[in-house]
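Assemble the whole structure, with the sequences as input and the hints as a guide.
Same order as they appear, the protein sequences are chains A and B. Using the working numbering, read the first sequence as starting at 1 and increasing by one per residue. Using the working numbering, read the second sequence as starting at 1 and increasing by one per residue.
Hint data in this document are derived by calculation from the structure and do not stem from the laboratory. You may find that some hints are simply not true.
DSBU-like cross-link-like pairs, simulated, lysine-lysine; straight-line CA separation at most 30 Å [as the list claims (entries may be wrong)]:
| id | chain 1 | residue 1 | chain 2 | residue 2 |
| --- | --- | --- | --- | --- |
| 1 | A | K118 | A | K46 |
| 2 | B | K44 | A | K230 |
| 3 | B | K9 | B | K44 |
| 4 | B | K25 | A | K230 |
| 5 | A | K100 | B | K93 |
| 6 | B | K93 | A | K118 |
| 7 | A | K78 | A | K46 |
| 8 | A | K69 | B | K44 |
| 9 | A | K186 | A | K46 |
| 10 | A | K78 | B | K44 |
| 11 | A | K46 | A | K69 |
| 12 | B | K93 | A | K124 |
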Amino acid sequence: MPSPYNLEVEYNCSECRVRADRLFCNMSIGAVEALDTVKFTGLYPKGSLLFVEGEEPRGVFILCSGRAKLTTSSTEGKTLIVKIAEAGEVLGASATILGKPYEVSAETIEPSQLNFIKRDDFLKYLNTHAEACLHTAQQLSEKYHSAQREIRSLGLSQTTSEKLARLLLDWCDRGGEQTTKGIRLKVLLTHEEIAQMIGTTRETVTRLLSDFKKKKILDVKGSSMFVLSKPHLENLVSV
Amino acid sequence: MISLEGYEKIETWPAGKVLFREGTKPTGVYFLHSGDVNLSFSSKPLLSAHAGEILGLTSVMSGHAHDSTATTRSTSVTGFVELNQFLRLLEEKPALWLTVLRLISSNINQCWDCMRSLNAAR
Numbered sequence: 001m002p003s004p005y006n007l008e009v010e011y012n013c014s015e016c017r018v019r020a021d022r023l024f025c026n027m028s029i030g031a032v033e034a035l036d037t038v039k040f041t042g043l044y045p046k047g048s049l050l051f052v053e054g055e056e057p058r059g060v061f062i063l064c065s066g067r068a069k070l071t072t073s074s075t076e077g078k079t080l081i082v083k084i085a086e087a088g089e090v091l092g093a094s095a096t097i098l099g100k101p102y103e104v105s106a107e108t109i110e111p112s113q114l115n116f117i118k119r120d121d122f123l124k125y126l127n128t129h130a131e132a133c134l135h136t137a138q139q140l141s142e143k144y145h146s147a148q149r150e151i152r153s154l155g156l157s158q159t160t161s162e163k164l165a166r167l168l169l170d171w172c173d174r175g176g177e178q179t180t181k182g183i184r185l186k187v188l189l190t191h192e193e194i195a196q197m198i199g200t201t202r203e204t205v206t207r208l209l210s211d212f213k214k215k216k217i218l219d220v221k222g223s224s225m226f227v228l229s230k231p232h233l234e235n236l237v238s239v
Numbered sequence: 001m002i003s004l005e006g007y008e009k010i011e012t013w014p015a016g017k018v019l020f021r022e023g024t025k026p027t028g029v030y031f032l033h034s035g036d037v038n039l040s041f042s043s044k045p046l047l048s049a050h051a052g053e054i055l056g057l058t059s060v061m062s063g064h065a066h067d068s069t070a071t072t073r074s075t076s077v078t079g080f081v082e083l084n085q086f087l088r089l090l091e092e093k094p095a096l097w098l099t100v101l102r103l104i105s106s107n108i109n110q111c112w113d114c115m116r117s118l119n120a121a122r
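Pasting the structure below:
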């Protein structure tokens, strides 16, 4: 029988084959078995809203497979994508730990498997497993560094082309695949979403990408983007 | 409050003292007991830290180099705990973990506030 959304579903964390590669989940078998007793596995289609900015924290979601975008809105209503969360990340942890409303909204951008842990259960789990605290702290620290990279881009870039160049370089460094054609980036974001990542409009992103293509800095084939000249992008980044 | 006696080296700094620089590897953490610290990116102060926070914490936890330069904005008192000592402290006083997790969570929220402001100002 085909699995929902063609996902390879893993219901038991202790039997998960990719656990060792995941920052949060790579814990001792005892800690993982304890995790199995408090989590609820769910399968979500693309576009599922997991939690909304301003909502009281219900708990955390472990993104087992798939990807999700984390967004925030300014008082003027401008949406900003603060992060594209990858498989292995824990979503909603900072709000859950602080007991304050979620600061961002989370929405799947691919069919995804998520393990949900209720807030009380997650806090109890942390209290009884110091190892889980370490892994949560590492996970949150990664998120903090990612947020600082975004701040650097938003706060220091002089031009929108510089912001786009920074984003493409960031994708090259994290998940870019070297091919004979160039560095292959698997881009599943729309131009609108790329615009929301660098704080600009969709029209500007479309124009800049077209400009980059004309200058042979990159090429687009289907949902893949190839960076043909990384040095050219690096030259666009001033600081 | 967890006692850090025997672990930390207390120092008082005037305004303008650089505690660590962007791009350098963390050697430990600074418990900021009083004062304020600017966190600058390429010399531009975009974030700040206040009494009660632990500076360099996320770099120690993630193993990344410091993303920003920390400079005291006012006379500040810090307690420096060397990296291995800090990890030992966490082992010996697991109650400190909750403080660590709360502080990192607050730092993330501060980043997202900053991003909202930068986005609104575009």
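Now the hints, each set against the structure:
1. A:K118 to A:K46: Given that 30 Å is the threshold and the Cα spacing comes to 22 Å, the pair holds.
2. B:K44 to A:K230: Satisfied, since the Cα-Cα distance of roughly 26 Å is no more than 30 Å.
3. B:K9 to B:K44: Since the Cα atoms of B:K9 and B:K44 sit roughly 29 Å apart, the hinted pair holds (cutoff 30 Å).
4. B:K25 to A:K230: 26 Å, holds
5. A:K100 to B:K93: 25 Å, holds
6. B:K93 to A:K118: OK: B:K93 and A:K118 at ~26 Å, within 30 Å.
7. A:K78 to A:K46: 22 Å, holds
8. A:K69 to B:K44: 28 Å, holds
9. A:K186 to A:K46: Distance of about 17 Å is within 30 Å: holds.
10. A:K78 to B:K44: Roughly 24 Å separates the two Cα atoms, so the pair holds.
11. A:K46 to A:K69: Satisfied, since the Cα-Cα distance of roughly 11 Å is no more than 30 Å.
12. B:K93 to A:K124: Cα-Cα ~17 Å, so holds.
Consistency with the previously given hints is maintained throughout, with no hint failing.
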